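*Asks:* Spelled out from the first residue to the last, the chains are:
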Amino acid sequence: MADILDQAWELSPSVALRPEPFGALAYHFGNRRLTFLKRRELVEVVQGLGGAPDARTALERAGVPAAQWGAYARALRGLADADMIRQRDTTGEAP
Amino acid sequence: MTDTTAEANGAVGSASGSLIETFERGLDAPICLTWELTYACNLSCVHCLSSSGRRDPRELTTEKCEAVIDELQAMQVFYVNIGGGEPTVRPDFWHLLEYAVDHHVGVKFSTNGVRIDPARARYLASTDYVDVQVSLDGATAEVNDRVRGPGSFDTAMRALDNLAAAGFRDAKLSVVVTRHNVPQLDEFKRIADEHGATLRLTRLRPSGRGADVWDDLHPTPAQQRELYDWLVRAGENVLTGDSFFHLAGFGGKLPGLNMCGAGRVVCLIDPVGDVYACPFAIHDAFRAGNVLTDGGFARVWRTSELFARLRAPQDGGACASCRFYDACRGGCMAAKFFTGLPLDGPDPECVQGHGEPALADPRRTVPAPGRDHSHRTAPRKRRSPGPVPVRIGRRPEPAAPPASPCQESPLAGFTATEMTSPETAER
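So the sequences go chain by chain: B and X. Per the numbering used here, numbering through the first sequence is continuous, rising by one, with the last residue being 1170. Per the numbering used here, numbering through the second sequence is continuous, rising by one, with the last residue being 432.
The shape of chain B in the complex, shown without the other chains (with noise of 0.2 angstroms):
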């Protein structure tokens, strides 16, 4: 499997996002699923998928340590087991 670190991701169109103390609810208007994101540091990361070219420089941008970045790919991953996030397609995007 690629490393989802090196792909173009971003938030799936049919989620919201609502910040909480603790980090986010997101809801998923068409599975219906509800997630926790635990961590504001994910939440920030979550929000910038889409505005960077890759997950990696969501994580640097959301100022993440480099060593955590395994246990953010994972999380990544569930989210995208739930749809929570879609992988973008870069196609016709700036460099």
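FYI, nobody ran anything at the bench for these hints, they're computed from the structure. One or more hints might be untrue.
[To be verified] Quick list of the computed label-pair ranges, beta carbon to beta carbon: (1) B/Ser1089 / X/Asp75: 19 to 27 angstroms; (2) X/Thr298 / B/Gly1125: 42 to 50 angstroms; (3) B/Ser1089 / X/Ala313: 28 to 36 angstroms; (4) B/Arg1152 / X/Asn242: 18 to 26 angstroms; (5) B/Thr1166 / X/Gly256: 35 to 43 angstroms; (6) X/Ala317 / B/Pro1094: 18 to 26 angstroms; (7) X/Thr298 / B/Gly1145: 49 to 57 angstroms; (8) B/Pro1094 / X/Arg238: 33 to 41 angstroms; (9) B/Gln1162 / X/Ala303: 36 to 44 angstroms; (10) X/Ser23 / B/Ala1142: 20 to 28 angstroms; (11) B/Gly1125 / X/Asp220: 52 to 60 angstroms; (12) B/Pro1094 / X/Asn242: 30 to 38 angstroms.
Note that this is a predicted model, so its numbers are computed, not measured. Think of the CB as a built atom: it goes at the ideal place given N, C-alpha and C, for glycine as much as any other residue.
Keeping the supplied structure of chain B fixed, place chain X upon it in accordance with the hints.
*Replies:* For chain X alone, kept in the frame of chain B given last:
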């Protein structure tokens, strides 16, 4: 309530540990909210939580309902569980459904199926953001209709058939677990699977008319174990509205939110705009305010004294010393309240057996019921029923005529036996 997803991951996923504590302190807006749109219902289910039947003349107008939806949108309440009564009998139900969806408030509504005809089913199938939950409390007409009334099994099955035929995906088949349907759990699952639906099991609460039947209908201790094992096997393929957290006392957590969310992450708005701590607590003791008279829903949610108390740290009371307290958190507040048990003690259905001695306590008093909108199943007693019987003869004199200070008769206050009429003497 929240049918949550649980993922075994540190940063994403199920509510546990510190997150449970965060939730217990309450959030700025509910995670999900139940809104009973009307007390009117075509059925008279014996266990109705809201004692529904007749419409309340003070029910919120269409305009007021829209204002509530506007507030929910502003608070980012993702979805609302609409119920009743039977919400679809409100003439503006379909309008309000569209209004909510247009304002990005998802709707999951509960229905007995009475209005889900093929045309409505096709409409629902074409709409995103709407989920339908059909209530069925027996996998056979015999078991179901005993609780929900004659013909209600056929009505629900017809609704499920119509939804499936229209291509509605993943409707919910919602079952209140009772002593009579625990043996039918597999059968319910089969009905749900056949209709492309998801089974949702919830706990029988002694709330509303449920108080009258709870003793006879709540699952036996052996059935609770059976239910727990069944839920563990089913995992996330069966929803529970997170209503069985008292079963966590068996030792292992069930998927979802294992805590009481009343006033913390959930609440209820009733048809007249009263806000209660949870859908199972329609009683003055749990009324936080009113959306019309107390400055709107957000204000009630954020400033209610009752909700502040519910969000304050709880010490576990009599349950604090139990080693399963962290799992079940003392169980369901409404179940305790409506069976007359102390709120800081064990749940009446405590799986460690602490409920039975509490229920046997002679000092236990069950609270008087709250609002009652039940159908009047027997005609009201009238003061003069039918024609007045007429008899010819002397008017019978009262055994002791009333005496008053201005009574002129010298015999006032006396009853002289020889003066009594024949009728009186025959007694």
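*Asks:* Now, for every hint given, state plainly whether the structure supports it.
*Replies:* Comparing the hints with the structure gives:
1. B/Ser1089 / X/Asp75: 19 to 27 angstroms: holds, 22 angstroms
2. X/Thr298 / B/Gly1125: 42 to 50 angstroms: Holds: the Cβ-Cβ distance is about 43 angstroms, inside 42 to 50 angstroms.
3. B/Ser1089 / X/Ala313: 28 to 36 angstroms: Holds, since B/Ser1089 and X/Ala313 (Cβ atoms, about 35 angstroms apart) stay within the stated range.
4. B/Arg1152 / X/Asn242: 18 to 26 angstroms: holds, 22 angstroms
5. B/Thr1166 / X/Gly256: 35 to 43 angstroms: violated, 52 angstroms
6. X/Ala317 / B/Pro1094: 18 to 26 angstroms: holds, 24 angstroms
7. X/Thr298 / B/Gly1145: 49 to 57 angstroms: holds, 54 angstroms
8. B/Pro1094 / X/Arg238: 33 to 41 angstroms: holds, 37 angstroms
9. B/Gln1162 / X/Ala303: 36 to 44 angstroms: Distance hint for B/Gln1162, X/Ala303 holds at roughly 37 angstroms.
10. X/Ser23 / B/Ala1142: 20 to 28 angstroms: holds, 22 angstroms
11. B/Gly1125 / X/Asp220: 52 to 60 angstroms: Once the Cβ atoms are compared, 56 angstroms apart, the range 52 to 60 angstroms for X/Asp220 and B/Gly1125 holds.
12. B/Pro1094 / X/Asn242: 30 to 38 angstroms: About 31 angstroms separates the Cβ atoms of B/Pro1094 and X/Asn242, which means 30 to 38 angstroms holds.
In summary, the one numbered hint that this structure violates is 5.
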